[in-house]
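Visitor: Going line by line, the protein sequences match chains A and B.
Per my numbering, the very first residue in the first sequence carries number 14; after that it's consecutive.
Per my numbering, the very first residue in the second sequence carries number 14; after that it's consecutive.
Don't take every hint at face value.
A pair counts as met if it fits within one copy or between any two copies, since identical chains are not told apart.
In silico DSSO-like pairs for lysine-lysine, Cα to Cα no more than 27 Å straight-line [unchecked claim]:
1) K247 <-> K186
2) K426 <-> K170
3) K208 <-> K91
4) K208 <-> K117
5) K358 <-> K392
6) K170 <-> K258
7) K113 <-> K208
8) K378 <-> K143
9) K154 <-> K186
10) K15 <-> K283
11) K113 <-> K378
12) K92 <-> K15
13) K113 <-> K255
14) K392 <-> K188
15) K117 <-> K91
16) K358 <-> K15
17) K378 <-> K186
18) K188 <-> K358
19) K92 <-> K208
20) K186 <-> K143
Quick caveat, the hints were computed from the structure, so don't treat them as lab data.
Number of protein chains: 2
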Amino acid sequence: MKAEIITIGDELLIGQVVDTNAAWIARECNLAGIEICRITSVPDSRQPILEALVHAGEHADLVILTGGLGPTRDDRTKKVLCGYFDTRLVFHQPTFEEIKERFKQRNIAMTPLNRNQALIPEACTVLPNKMGTAPGLWFEKNNTVFVAVPGVPYEMKYLITEQVLPRLREKGKTKAIYHRTVLTQGIAESVLAEKLEEWEDNLPEGVRMAYLPSPLVVRLRLSMVGEDLQRVKKVVEEEIRKLMKYIPGYIFGYDEDQLAGVTGRMLAEKNQTLAVAESCTGGYLSHLITSIPGSSVYFKGSVTAYTNTIKQDLLGVRKESLETFGAVSRQVAEEMVMGVKERFKVDYAVATTGIAGPGGGTPEKPIGTVWIAVAGPGKRYAYNYVFAGDERERNIIRSSQTALQLLRRMILKEL
Amino acid sequence: MKAEIITIGDELLIGQVVDTNAAWIARECNLAGIEICRITSVPDSRQPILEALVHAGEHADLVILTGGLGPTRDDRTKKVLCGYFDTRLVFHQPTFEEIKERFKQRNIAMTPLNRNQALIPEACTVLPNKMGTAPGLWFEKNNTVFVAVPGVPYEMKYLITEQVLPRLREKGKTKAIYHRTVLTQGIAESVLAEKLEEWEDNLPEGVRMAYLPSPLVVRLRLSMVGEDLQRVKKVVEEEIRKLMKYIPGYIFGYDEDQLAGVTGRMLAEKNQTLAVAESCTGGYLSHLITSIPGSSVYFKGSVTAYTNTIKQDLLGVRKESLETFGAVSRQVAEEMVMGVKERFKVDYAVATTGIAGPGGGTPEKPIGTVWIAVAGPGKRYAYNYVFAGDERERNIIRSSQTALQLLRRMILKEL
């Protein structure tokens, strides 16, 4: 099945917004065995949208449009669709009821503009949108399926995953595809590629492999398309079994696993608890831990100590340590981790102290320097890292991920 | 001047790479007064590239192609260009010398593939590429300029900035453009649109306006293209002055401003300090605050209290309040905010306690229920919100953004 994506919005054409929607849709379609032949971004204006529709309608079996379905007047998609499909906007009572219900739940007054969102092209099938007020629209014309969804990412994702792909599957328009992502940590992409060269060279015909790097986590995606799901699944799983022999110790999970979730599960299974003391990571490490549903079972809490006084008052760091070694030091990291472990009465604790940037670096302690301490039953270690680059956000993310990795390895008794 | 961008690469169409190149080029062109009318992404194959070229050539004064100029065999752009411009590849000695020099400097052996990079369409002007081995190519046909640059971001950026835009400027092909984004919070897109209807109807010819919604923040972008930068700037700024009268109190910043940054600047200017007590937001509120460079000037830190015991021990919440009203209550939010304010000895404090989901909801306190308390010199308030939807991450983001908004309004004495 050949598909085109049309993303609509002035903000895309002035470069204010990067088109992450198109990439997300392309990936999901690809995983469902749908080939994307073209992605077109056009402004919120009649003629460009219409032209893109005409072109896509002539070349593709599936056309996915995003954006331009909001209540405001800069959104012209619905009218253009009416023109293209030779239909008119009609009031759709079920959509209106859903919009009313949403506003009622949130205790907000509806405006006439919201009522307009219940105006739907007569020729389409409405795809209910549980995440917002603008429903998805499904059209068919000359054997081509056209789907229009809002541009708000979580609404778009919901509609594609829960409404569009299942309907295509039902119609037999998607192929069997099996994919698995192997998550690794603590190894650079190039080193990984070297270790896996032999394995990669021997992958069976049809198994596709891609490296998806991100800060500190390298994901390996294996996928295979075929007629029979059981068969392709068996082939891919067999290759993953082989893969594990090449890089034991670096794999921390699969697919949507997150380091915080994997680590949290281990704590929950052992009935053990965790607390965190943060300086340079400023709350982000706690955020990663508490992003996991159910984390309150093992996570007791954290202290972000952004001043020396708070490090002393709330974590019991000694004044002399701060004065002698500075806030970014092994001494202080260790006192922070022991302080939070005692005060929160937990089994495990992690602490970070470093220089996230963009200011604050010195020749001895450049931006990106961080000390991370981790403590468990009867054990305590501290490690020093110097991450390259002075980008604050990246240093915060890297320090937090590394802290989780150390925690995981301590729980696994690898430290 | 109207332009189209064509980005070439299989990786874009399987969603493995997000098309940040297109957004970057669009923004730079926009700032130079070049209007981007369409962005098309096509795979590394002859027919789709040619089709995109033909369409762009018919509609635009400027066509920018990126990608497909590398040495490997999946790069077909140069051959397609030869077909479209009815020319042939010839060996270009100066380019060859530059490639040789690069390899010599980096002490790498050249391969025959690298020699191919000196093969250049005869009809084009070569744009020297100081950042890599593939030069940019500049063609003119029927008054339209076509430029092809490599897809490697830093090579592309160098060629656009140092070679393409200066040449266009010389030819008098760039216009003046001015745009400004107004950031609002605490008001839904539809309500905003209603309040601004009159203002929008009276916008002068040529001023374009777009709503860019995201969770809890709605951005309004105004832009205008013209011959004279000072004039278009004056027109847009005048409209923003009018706009402010329609929605006072909802505007928190402009362009790239963030709520945490705007609020932080106010604290820094007043020499005042801040601390945070978090329950349901789990560290994310602190993270937003500490994401801002220089936040250590006003932010002293935070406590994430994920259990009742920690709320009592570290924040001084009373056991009776927890037992009588529950952890998610006005009482507990207020005791948390006063506790953290006293312990951290700060001027302002914020506290959150709620049910982020996906579990933990009850009929009286459904998922999305949150109490947010804010305290300043001699003042303390608590507010109750019920956010719709049981998505943990969204509830955390919304609660944190709302907490920052309440803090900002308290500092502004609007509470």
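Visitor: Determine for every hint whether it applies to the structure shown.
Guide: Each hint, compared with the structure:
1. Taking identical chains as interchangeable, the C-alpha atoms of K247 and K186 lie at most 27 Å apart only when both belong to the same chain, with a minimum of 23 Å there against 54 Å between chains.
2. Taking identical chains as interchangeable, the C-alpha atoms of K426 and K170 are never at most 27 Å apart, the minima being 39 Å within one chain and 40 Å between chains.
3. Taking the closest pair of Cα atoms, K208 and K91 come within 27 Å of each other only across two copies (23 Å); inside a single copy the shortest separation is 52 Å, beyond that limit.
4. Taking the shortest alpha-carbon separations for K208 and K117, only the inter-copy value of 21 Å comes in at or below 27 Å, while the best intra-copy value is 57 Å.
5. Within a single copy, K358 and K392 get their C-alpha atoms as close as 15 Å, which meets the 27 Å cut-off; across copies the closest is 34 Å, which misses it.
6. In this assembly of identical chains, K170 and K258 lie within 27 Å of each other by CA distance neither inside one copy nor across copies; the values are 36 Å within and 37 Å between.
7. When the C-alpha separation of K113 and K208 is checked against a cutoff of 27 Å, the pair qualifies only between copies, where the shortest distance is 20 Å, while the shortest distance within a copy is 57 Å.
8. When the C-alpha separation of K378 and K143 is checked against a cutoff of 27 Å, the pair qualifies only between copies, where the shortest distance is 21 Å, while the shortest distance within a copy is 50 Å.
9. In the homo-oligomer, the alpha carbons of K154 and K186 lie at most 27 Å apart inside one protomer (15 Å), although the nearest pairing across protomers, at 42 Å, exceeds that limit.
10. Proximity of K15 to K283 under the C-alpha cut-off of 27 Å is found in neither arrangement, the shortest distances being 47 Å within a copy and 59 Å between copies.
11. In the homo-oligomer, the alpha carbons of K113 and K378 lie at most 27 Å apart only across protomers (22 Å), although the nearest pairing inside one protomer, at 57 Å, exceeds that limit.
12. For the homomeric pair K92 and K15, the shortest alpha-carbon distances inside one copy (26 Å) and between copies (25 Å) are both at most 27 Å.
13. In this homomeric assembly, K113 and K255 never come within 27 Å of each other (Cα to Cα): the closest approach is 54 Å inside a single copy and 32 Å across copies.
14. With identical chains, the CA atoms of K392 and K188 are never at most 27 Å apart, being 52 Å at best within one copy and 62 Å at best between copies.
15. In this assembly of identical chains, K117 and K91 lie within 27 Å of each other by CA distance solely inside one copy; the values are 25 Å within and 58 Å between copies.
16. Proximity of K358 and K15 under a CA criterion of 27 Å is satisfied in neither setting, with 58 Å inside one chain copy and 63 Å between copies.
17. In this homomeric assembly, K378 and K186 never come within 27 Å of each other (Cα to Cα): the closest approach is 58 Å inside a single copy and 43 Å across copies.
18. In this assembly of identical chains, K188 and K358 lie within 27 Å of each other by CA distance neither inside one copy nor across copies; the values are 53 Å within and 62 Å between.
19. Taking identical chains as interchangeable, the C-alpha atoms of K92 and K208 lie at most 27 Å apart only when they sit on different chains, with a minimum of 24 Å there against 55 Å within one chain.
20. In this homomeric assembly, K186 and K143 come within 27 Å of each other (Cα to Cα) only inside a single copy, at 24 Å, whereas the closest approach across copies is 47 Å.
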